[in-house]
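Protein chains in written order, with the numbering used here: chain A, 1 to 478; chain B, 1001 to 1100.
Honestly, the hints are just simulated from the structure, not real lab data.
Take these hints with a grain of salt, some might be off.
[Said to hold, decoys possible] Computed beta-carbon distance windows for the label pairs:
id, chain 1, residue 1, chain 2, residue 2, range
1, B, 1090, A, 359, 14 to 22 Å
2, B, 1084, A, 239, 48 to 56 Å
3, B, 1055, A, 85, 57 to 65 Å
4, A, 109, B, 1056, 20 to 28 Å
All residues carry an ideal CB built from backbone N, CA and C; glycine is no exception.
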Amino acid sequence: MPHLISIERAGIPSVFIIFEDQDECWKEACKLNGIAPMRRIWGSRHVPGPEDVDSWIDDLMDALVRPLTEEEKNPPPWKVSNERILFEGTLQEAHEFYQQSEKIPALMNAPICKYTDGLPIVVPTEELVEKMLKGTSHKPDEIITYQKDRKLGDRIQQMGSSGKAGDPVHFMPMKRTATVEKIATIGVMAGCKPEHMPLLLAIAESGGGCGDGRGGGAYVVSGPYAKEIEMNFDTNVLGPGNPANRSIGRAAELMWRNLGGNIPNVTNCGVWGSGLHNCFPENDDALPPGWATLREEYDFKKDESCVVTIQMGFSIRNTEFMPGGYRELQKSGHGGIARRLGVKGIPGPHNWMEYFIDHLWADGEGGKTFLMLPEMARDLQIYGFKSKDAVYEWLYDKSFMPLKDYRTHQSPDVWTNGWKAPEPRSGKNWLELPEDYMVPAVADPYQNCIIVTGGGEEMSLWTGGRGRESAYGIDVWR
Amino acid sequence: MAEKDKIYKCLNPVGIQESVEQHPLSPRLDKLEGKNITLSIGAGGEQGILIPLRKMLPERYPQVNWNISFAAPHATKEGSIALTEEEAKTTDGLIRGVVW
């Protein structure tokens, strides 16, 4: 968007093709970037292309010559006040104030809370926020900045979550900034405790649950800090009940609303929204011998703590092992899994990932993040994977498929720019490669990630892969 | 004063938003005849719209000097570039689609 606006501001009249449901977000993005709403026409999501284009092609051209309106010539100023004290009154009045909502026409007039996730909050009085601030040595008026360089790429930079050490973090979609006191305020609202502050600040450094504006995912704590704040490592690790797991995850969601300014269909053109932000720990004690901790994978020391952001909420899948099925495989080679793996009657441990590997990338590419129960990790280690890296490399090797099949995937249409970009490994044009050319669905083995955590019935989950720079130190925020 | 009547100062959780000066749109073209207009085709998708559009524009508006360009792949900085510096020097008007 900044580039498109620079063209218009350079004196080149422009018109854009978007979709009707994106119109409010378009106007907000223009305002945020300092220009009157740029002209656009709406394509159809349904009408066949030629008919669709025929219906608006003349409007498209007219937008380049039709004289400007008064509002396009003189857009109203956008003045924002940033008051520290938002409300004064009794606690009862404050509860009602913070719970207020506004009806959003772009959401069929559904109300959206102005400050909360829709649920009641703890009122952030000065006294409670001051108490929360005791959980960190950082000053209340300190702006949240990157504690080290975050070079996730130029495009990511304009989408948030990237900058040099000392640069302020911009919370998306509204590109706001925040102080330590704002994070403490949100921590109070979410029900957090002062000892949660270092983690809350690390989550804020990661973008605060905002992602690129469409909401983030989950937060995995790796290191001794998880025990300090008494997180749940065991059964129900993603579920409710534990104060730390749940309130910290909720704080990330409140950051998205308050720091990012998320209003669906107004500032954020997402689709489903991101489900409840979870925060849960890696279980160090349950790692099989030779398997690195998550923080070591990101070059932290073993006695340090970090939080790793993972994409979760859009696509969690599970191993679908019915009660007993996994145990039958591993104990004695019985059942359907054993039949598929060709190990009927042979006691395990067997590589249970073989059960679903053939369709792991059937409808999408990229690395996978596995939330793996300790017992299932241990079985893989005994089977022969002496490190996590060995699993990652096995997954990478298994992800190769013939180009003929890869061409039936959807997302490469976009990122290969209609197959016109060079294929990364050969450097040749995609369309020049033979149909049996083998393409990996995962660009890099280390886009895969294993998090050993949880407990209970033998079932693992998987979701989208990880980024190279998705770990944020907690200790620097103590 | 009863506890329930105590007045509290409550803090603002909303992030710090900078005010942004708002600029007008650029003046429109006085006519289409003889103008250099770039159709910048966004990376990858929406070919259902963009294939007929790039065919129909020159057919329906032959008086325009058309420059049809294709963006670099999606999710790259280049993919968000609608006009190169060179194109900007000679372009009178821009159509960009589809913008997600």
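Using the C-beta atoms of residue 1084 of chain B and residue 239 of chain A, is the stated range 48 to 56 Å upheld?
holds (52 Å)
Can you tell me whether the CB distance of residue 1090 of chain B to residue 359 of chain A sits inside 14 to 22 Å?
violated (50 Å)
Taking the CB of residue 1055 of chain B and the CB of residue 85 of chain A, does the distance hold inside 57 to 65 Å?
holds (60 Å)
Does 20 to 28 Å hold as the CB distance between residue 109 of chain A and residue 1056 of chain B, or does it fail?
38 Å Cβ-Cβ, so the 20 to 28 Å window is violated.
When held up to the earlier numbered hints, the structure conflicts with 1 and 4 and fits the remainder.
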